[in-house]
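Note that the protein sequences, when read in sequence, are chains A and B. Going by the working numbering, the first residue of the first sequence is number 1, and it counts up by one from there. Going by the working numbering, the first residue of the second sequence is number 1, and it counts up by one from there.
Hints were generated in silico from the structure; no laboratory data involved. The structure presented is a predicted model; accordingly, all values stated were derived computationally and were not measured. Warning: the hint list may mix true and false statements.
[Claimed, not checked] Heads up, incomplete: computed chain A residues facing chain B, CB under 10 angstroms, no partners named:
{"id": "1", "residue": "Tyr22"}
{"id": "2", "residue": "Ser26"}
{"id": "3", "residue": "Ser52"}
{"id": "4", "residue": "Val55"}
{"id": "5", "residue": "Tyr99"}
[Stated by the list, open to error] Calculated cross-link-like contacts (lysine to any residue; reagent style SDA-like; alpha-carbon spacing at most 20 angstroms):
{"id": "6", "chain 1": "B", "residue 1": "Lys38", "chain 2": "A", "residue 2": "Thr20"}
{"id": "7", "chain 1": "B", "residue 1": "Lys41", "chain 2": "A", "residue 2": "Val44"}
{"id": "8", "chain 1": "A", "residue 1": "Lys36", "chain 2": "B", "residue 2": "Glu84"}
{"id": "9", "chain 1": "A", "residue 1": "Lys36", "chain 2": "B", "residue 2": "Asn57"}
{"id": "10", "chain 1": "A", "residue 1": "Lys101", "chain 2": "B", "residue 2": "His10"}
{"id": "11", "chain 1": "B", "residue 1": "Lys41", "chain 2": "A", "residue 2": "Gln80"}
Here a beta-carbon is modelled for each residue, glycine too, at the ideal position from N, C-alpha and C.
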Amino acid sequence: GQQVMQIPQYQHVQEGEDFTTYCNSSTTLSNIQWYKQRPGGHPVFLIQLVKSGEVKKQKRLTFQFGEAKKNSSLHITATQTTDVGTYFCAAQNAGGTSYGKLTFGQGTILTVHP
Amino acid sequence: DTEVTQTPKHLVMGMTNKKSLKCEQHMGHRAMYWYKQKAKKPPELMFVYSYEKLSINESVPSRFSPECPNSSLLNLHLHALQPEDSALYLCASRLHALVVIDGYTFGSGTRLTVV
Chain A
1 GQQVMQIPQY
11 QHVQEGEDFT
21 TYCNSSTTLS
31 NIQWYKQRPG
41 GHPVFLIQLV
51 KSGEVKKQKR
61 LTFQFGEAKK
71 NSSLHITATQ
81 TTDVGTYFCA
91 AQNAGGTSYG
101 KLTFGQGTIL
111 TVHP
Chain B
1 DTEVTQTPKH
11 LVMGMTNKKS
21 LKCEQHMGHR
31 AMYWYKQKAK
41 KPPELMFVYS
51 YEKLSINESV
61 PSRFSPECPN
71 SSLLNLHLHA
81 LQPEDSALYL
91 CASRLHALVV
101 IDGYTFGSGT
111 RLTVV
């Protein structure tokens, strides 16, 4: 089945530092979604990227989709303690009728030290 | 209403018990999902319902039995579970299953412990 590799597994930063997590697939993706899960919470949808080379921004968060639609990244500028949590990418393969089935990356656990 | 509501939030059950998890949404979403999540792991898909019909069963053991009584409700019936089934069970919904135009809306989950 489809696999999405996400790195790093863990990231510890000082408040104010930047943070980036990366997702890579060996196959072309229809789209990629990003979710944030706070400790003890549930995943919350952040954004969906569909177009090759797409870049979207949400305040301090910048999301990119690769030109070949096989990789994506999430970059947070000047982290805050409220950014703590696990960030998941979730991807859907191009083509097929998978009923919206997404394959999640393993997640990056972000810790922010004040 | 932009939420998916799951009950109960916590459940402890014995291996011989029968229990049910409930999920409800009133956003008009026609695709509903059950996911299982272990600690520090990503959610794993269990079942997909599209327009109240079971569309995907990810080879889930028969001790888990899903049910979709109507477009707003999703149940997961549990029977004879094993301790390794202890996990966070997440319900999610989206507008349509076949057209990926939106992200999942997840409920807050049921934290299940099997003793």
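Hints, verified against the model:
1. Tyr22: Constraint on Tyr22 of chain A not satisfied, violated at 15 angstroms.
2. Ser26: violated (18 angstroms)
3. Ser52: violated (16 angstroms)
4. Val55: Interface hint status for Val55 of chain A: violated (18 angstroms vs cutoff 10 angstroms).
5. Tyr99: holds (4 angstroms)
6. B:Lys38 x A:Thr20: violated (24 angstroms)
7. B:Lys41 x A:Val44: holds (15 angstroms)
8. A:Lys36 x B:Glu84: At roughly 26 angstroms apart (the allowed maximum being 20 angstroms), Glu84 of chain B and Lys36 of chain A break the hint.
9. A:Lys36 x B:Asn57: violated (26 angstroms)
10. A:Lys101 x B:His10: violated (26 angstroms)
11. B:Lys41 x A:Gln80: violated (24 angstroms)
When each numbered hint is compared with the structure, violations occur for hints 1, 2, 3, 4, 6, 8, 9, 10, 11.
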